[in-house]
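Engineer: Going by the numbering used here, the first residue of the sequence shown is number 21, and it counts up by one from there.
Hints were generated in silico from the structure; no laboratory data involved.
All C-beta atoms, glycine included, are put in the ideal place defined by N, C-alpha and C.
Careful: at least some of the hints might be erroneous.
[Claimed, not checked] Straight-line Cα separation of at most 20 Å, DMTMM-like style, residue types lysine to aspartate or glutamate; simulated pairs:
#1 Lys-99 x Glu-54
#2 Lys-108 x Glu-80
#3 Lys-97 x Glu-80
#4 Lys-99 x Glu-135
#5 Lys-83 x Glu-124
#6 Lys-83 x Glu-115
#7 Lys-59 x Glu-135
[Stated by the list, open to error] Derived CB-CB ranges, DEER-like:
#8 Lys-59 x Thr-140: 14 to 20 Å
#9 Lys-107 x Glu-87: 26 to 32 Å
#10 Glu-117 x Thr-77: 29 to 35 Å
#11 Glu-115 x Glu-135: 20 to 26 Å
#12 Thr-142 x Lys-98: 16 to 22 Å
#13 Ser-68 x Thr-136: 27 to 33 Å
#14 Glu-115 x Asp-78: 21 to 27 Å
#15 Lys-108 x Thr-142: 25 to 31 Å
#16 Pro-123 x Tyr-72: 28 to 34 Å
#17 Lys-98 x Ile-74: 35 to 41 Å
#18 Ser-139 x Tyr-89: 25 to 31 Å
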Amino acid sequence: MRETATITLFIYFIFLCLVPTVLEAKTTAPVTIEYTVPKTVQTGDTVSTVIYFIAQTDLEVLKISLEPYRGLKLLSKKKETFFFDLKKGERRDLEIEIQLTDPEIGYLSVFATTETMRSTSTKSIAIPYGAAGVLTREKLKSSNSAFKRSEGEALILMPGDLR
Numbered sequence: 021m022r023e024t025a026t027i028t029l030f031i032y033f034i035f036l037c038l039v040p041t042v043l044e045a046k047t048t049a050p051v052t053i054e055y056t057v058p059k060t061v062q063t064g065d066t067v068s069t070v071i072y073f074i075a076q077t078d079l080e081v082l083k084i085s086l087e088p089y090r091g092l093k094l095l096s097k098k099k100e101t102f103f104f105d106l107k108k109g110e111r112r113d114l115e116i117e118i119q120l121t122d123p124e125i126g127y128l129s130v131f132a133t134t135e136t137m138r139s140t141s142t143k144s145i146a147i148p149y150g151a152a153g154v155l156t157r158e159k160l161k162s163s164n165s166a167f168k169r170s171e172g173e174a175l176i177l178m179p180g181d182l183r
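Kindly generate the complete structure, drawing on both the sequences and the hints.
Structural biologist: The following block contains the structure:
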C-alpha cells in the first residue's frame, strides 16, 4: 500500500513539473501582422505596402523576412529587417515597394520571427496582390459560384476561410 502511494506521488510530481512546459508552448509567434494593399494592382504596377507588426508580449528581437512569390518583384532593398526591445502593444511599421509581374496574381511571404527571454518562434503570412486578393474575397463570399477568368478558364468558387 505504501509503495502505491509513493508511486502515485512520484507520478503526480512528474506531472506537475512537465505539464506547464507543454501548456505554455505556442504554435505561432506572439505578434500580430496587418497590412494595407491597394484594391487594384495591374501587371507592371509599382505599389507601396505598409506592414504593421504589433507585439502581443514583450519582445527582445523581432526579425522580419520578406520573400516575393509567384508574380511579384520586391523593389525594396532590404529583405530582412530587425526591431529590438518591443513592449507589449507596441507597433512597428515597415513600408515596402513591390511590382506585380504576373498578369493576375502575386504574393509576398512575410515571416516574423520573435525572440523573448523564454523562446523563439515564427509566424508567417502571404499578402495577395492583383486578382489574388479579389479571388480570395470572392471565394469567401461565394457559395459554389462559377465564373470565367480573363483567359476563359472556368472557375467554381467554394466558400472558404482565410488561412
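Engineer: Among the hints numbered above, which are violated by the structure, and what are their numbers in rising order?
Structural biologist: 3, 5, 7, 8, 15, 17
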